[in-house]
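Asker: Using the sequences and the accompanying hints, generate a full structural model.
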Amino acid sequence: MSSSNYYDVTTWPVGNASKDVGEVINSIIADIKERQADTDANDGGKPGAVIYLPPGDYRLRTQVVIDVSFLRIEGSGHGFTSSSIRFNVPEDEWPGLRELWPGGSRILVDIAPDGEGGEAQGAAFYVERTGSPRISSVEFSNFCIDGLHFTDDGSGMHPENSYVNGKTGIYVANANDSFRVTGMGFVYLENALTIYHADALSIHDNFIAECGSCIELRGWGQASKITDNLIGAGFKGHSIRAENHGGLLITANNVFPRGASSVHLEGVTRSSVTNNRLHSFYPGMVILAANSSENLVATNHFLRDHEPWTPFLGVDNGLDDLAGLLCVDGSNNTVVGNHFSEVIDADSIRPAGAAPVIIRLQAGTGNFVSNNHVVALDVRAESSDSCFAAQVDALLTTSASDGLAVTAVLVDPESARNTILDSGTDAQVIADRTVNAFRATPAIAS
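Numbering (this note's numbering), first residue to last: 1 to 446.
By construction, these hints were calculated from the structure, which means they are not laboratory data. A portion of the hints provided could be inaccurate.
[As the list claims (entries may be wrong)] Simulated pairs of lysine to aspartate or glutamate, EDC-like, Cα-Cα distance not exceeding 20 Å:
id: 1; residue 1: Lys225; residue 2: Glu243
id: 2; residue 1: Lys46; residue 2: Asp228
id: 3; residue 1: Lys33; residue 2: Glu74
id: 4; residue 1: Lys33; residue 2: Glu23
[To be verified] FRET-style restraints, in silico, Cβ to Cβ:
id: 5; residue 1: Ser76; residue 2: Gly156; range: 25 to 33 Å
id: 6; residue 1: Ile85; residue 2: Ala443; range: 19 to 27 Å
id: 7; residue 1: Leu313; residue 2: Gly154; range: 34 to 42 Å
Just so you know, even glycine gets a beta-carbon here, dropped at the ideal spot from N, CA and C.
Answerer: Here it is, written out as structure tokens:
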């Protein structure tokens, strides 16, 4: 059944979607606003619309500006494939590759930000509307946003590995309600999603990887969720970062390594980080900072091991092994039932000879840490030119010559009145036991 509120970018009479889909979508939005001008017609008046991107490549040279509610932009396939692997394959091997670029319904972000127009200048989709009510129910579904190339950052690293190009996939500038990002693919963007002042936001079932930063929730927000995503940021950015949020649910995500952090929360309260698989090549995997309090961190799987892929050897996030895999600055948080695997080469520990820290309570009071399991192994680090094979080999190797001495829980003097139960042996927990409650995990005699 046809509808005047359903648009196909390939049949719209203004512009050429293959040459500049931004011009086409902006023209469609203008048509929606012109036709849906009445705020109250038959108890409605502004139903919004669907804009459809059939499978294909659509170059975007004009930023899309969204200032209407109830708009859904959808495609027929997220199209993600690893650009990083391709760019690190010798060019003389490219003719033998079955495909070179992401596919599906694919937006090619061909904006060239000059750095003078603010951080939103390089965004493919810019959502901006003030006034009352907040812009609501804008949805992005089932297409790919591809930043195409990274650029030289002066580090001497291959430009395609810099994670820098000034491009953002979706940038939401104002307070918003009930936005949805589902089934999307994001690749080779400096920032995939940057969203300010979100309320009841859903970021679900997306593939967001090989981006400088993947998900950033800024300003403040409430009652949002980040669920069931495949995520992997670059070493300069964050896979998931949120600030000043309450009631945030981060659940069932598979977070790949190389991001400076897996989950970084600043001033986040009464939120949950649960049932995620988190993998990192560096300490500082999950950070609760700036008095993040009354949060639940439970039943996550943490894996910290070594970078096995040759192009990124020697890259880190600047933290040493005393920083902790989970770092807490805040009060009355609950950390229960997590599994930690620290699988590293003892010769690589910084500072040399230190016992790596797993959970670190840096500041705050009343945190409850219970029934966390730590596996620490000393392995010989190996590397390979094959990203996929190297990573799989590293994940499947469980044998080790020796156990690795670690500090399971470190409580800094600035943190007190915490309860630590069954999360490390007597020797593995460092805390002032006059101001913290402690029950050791029973040690097995050697």
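Asker: It remains to establish, for every hint, whether it holds in the given structure.
Answerer: Going through the hints against the structure:
For the suggested pair Lys225 and Glu243, the alpha carbons sit about 14 Å apart, so the restraint of at most 20 Å is met. Of the pairs offered as hints, the one joining Lys46 and Asp228 is violated, with about 32 Å between alpha carbons and a cut-off of 20 Å exceeded. Distance hint between Lys33 and Glu74 is fulfilled; the C-alpha atoms sit about 19 Å from each other, no more than 20 Å. Proximity of Lys33 to Glu23 is assessed by CA-CA distance (about 16 Å); at most 20 Å being required, the pair is judged to hold.
Between Ser76 and Gly156 the C-beta distance comes to about 41 Å, which lies outside the given range of 25 to 33 Å. Distance hint check for Ile85 and Ala443: the Cβ-Cβ separation is about 44 Å, which falls outside the suggested range of 19 to 27 Å. At roughly 19 Å, the beta carbons of Leu313 and Gly154 sit outside the given window of 34 to 42 Å.
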